[in-house]
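There are 2 protein chains.
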Amino acid sequence: MSIRTLLPAAVLLSLAVPALATPKPEDAIKYRQGVYEAIKWNFGTLAAMTKGEVPYNKEEAVHRAELLTVLAKMPLEGFAPGTDKGAKTAAKAKIWQDRAKFENGFKQLQAETAKLADAAKSGDAAALKAQVGATGKTCKACHDAFREE
Amino acid sequence: MSIRTLLPAAVLLSLAVPALATPKPEDAIKYRQGVYEAIKWNFGTLAAMTKGEVPYNKEEAVHRAELLTVLAKMPLEGFAPGTDKGAKTAAKAKIWQDRAKFENGFKQLQAETAKLADAAKSGDAAALKAQVGATGKTCKACHDAFREE
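In the order they appear, the protein sequences are chains A and B. Each residue of the first sequence is one higher than the one before, counting from 1 in my numbering. Each residue of the second sequence is one higher than the one before, counting from 150 in my numbering.
Don't read these hints as lab results, they were simulated from the structure. Among the clues, some could well be false.
Unchecked claim - DEER-style ranges, computed between Cβ atoms:
1) G201/B to E59/A: 26 to 36 Å
2) E252/B to E148/A: 34 to 44 Å
3) Q110/A to E208/B: 11 to 21 Å
4) D124/A to N253/B: 16 to 26 Å
5) E208/B to A130/A: 33 to 43 Å
6) A130/A to A283/B: 27 to 37 Å
7) K24/A to G201/B: 16 to 26 Å
8) K24/A to A260/B: 29 to 39 Å
9) G133/A to N253/B: 33 to 43 Å
10) G231/B to E149/A: 42 to 52 Å
11) Q259/B to K85/A: 28 to 38 Å
12) D118/A to A242/B: 38 to 48 Å
13) E208/B to T22/A: 18 to 28 Å
14) P204/B to G86/A: 20 to 30 Å
Computed from a prediction, not measured in an experiment: that's the story for all the values here. For glycine and all other residues, C-beta sits at the position ideal for the given N, C-alpha and C.
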């Protein structure tokens, strides 16, 4: 039994700090850029399917969309304060200045990718295509606001 | 109802080709490198916890380990034939020459990350530490064999 199991809940809560040590800005920048590459790859595969560049395949669509729901939750922690520089980055200063809007962008992305998974599971290729479009618009809105050209 | 739902299973199986259009080597290289950044970030966070650099936190450990089980399944598709060049890469030619061994490395990584999630869920910090070590060895074995210094 660890010492933690002996502590009352209120104390445990106060100990439940984020476990991240302060990361080096360079590492955080590479991390978030890496996640975006993985998002791009999976979203691109799904978009290729809805554009008819590759055959529609429900199982594959569900796989891609479910990965995207996981990946959509990942970049935000890579934008901690102080990670505006330290490696080559297209992140605008506005990310840290208009934080509520930036974080809301991720909430929207998470909502859209959840809908994407639903559309993929429905087996309705037209619904999937529509939701790929809606998700892409959410990506673009955030890029337009917070990413340098 | 799509045409696909009208087809018998045997025909569907033959249609169940991978939905990936042939990716540009550059995109595949960036994809797999991106996934490795995400693996490094999450594994590093978990390792920092088992080294005592950040407080042990079961919920956080489970979150990281579960992400790693998903991420461990992702890089392989980025090593398609023809992606040995096209962007800066540390991938050795051996990846495509000794494919069975390379793919077996991913099977091992997936097995180790599954054990990592189990260890995290157990709430046993010592078990987690041991399994972080075992997982790290699996990473290193593959890097030693297939990644340029």
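To see whether the hints hold, each was checked on the structure:
Take G201/B and E59/A: their Cβ atoms lie about 43 Å apart, and the range 26 to 36 Å is violated. Here the CB-CB span from E252/B to E148/A is close to 39 Å, well matched to the stated 34 to 44 Å. Q110/A and E208/B have their C-beta atoms about 19 Å apart, which keeps the hinted 11 to 21 Å range intact. Separated by about 39 Å at the C-beta atoms, D124/A and N253/B break the suggested range of 16 to 26 Å.
At roughly 36 Å, the beta-carbon separation of E208/B and A130/A lies within the given 33 to 43 Å, and the hint holds. About 45 Å separates the C-beta atoms of A130/A and A283/B, a value inconsistent with the hinted range of 27 to 37 Å. Checking the proposed 16 to 26 Å range against K24/A and G201/B shows it holds: the Cβ atoms sit about 19 Å from each other. Checked against the hint of 29 to 39 Å, the pair K24/A and A260/B passes, with Cβ atoms roughly 31 Å apart.
At about 40 Å, the beta-carbon gap between G133/A and N253/B stays in the expected band of 33 to 43 Å. In this structure, G231/B and E149/A break the distance hint of 42 to 52 Å, their C-beta atoms being roughly 31 Å apart. With their beta carbons about 36 Å apart, Q259/B and K85/A fall inside the hinted range of 28 to 38 Å. Remark: the range hint 38 to 48 Å for D118/A to A242/B is upheld by a beta-carbon distance near 43 Å.
About 20 Å separates the C-beta atoms of E208/B and T22/A, a value consistent with the hinted range of 18 to 28 Å. Checked against the hint of 20 to 30 Å, the C-beta distance between P204/B and G86/A comes to roughly 25 Å, which is consistent with it.
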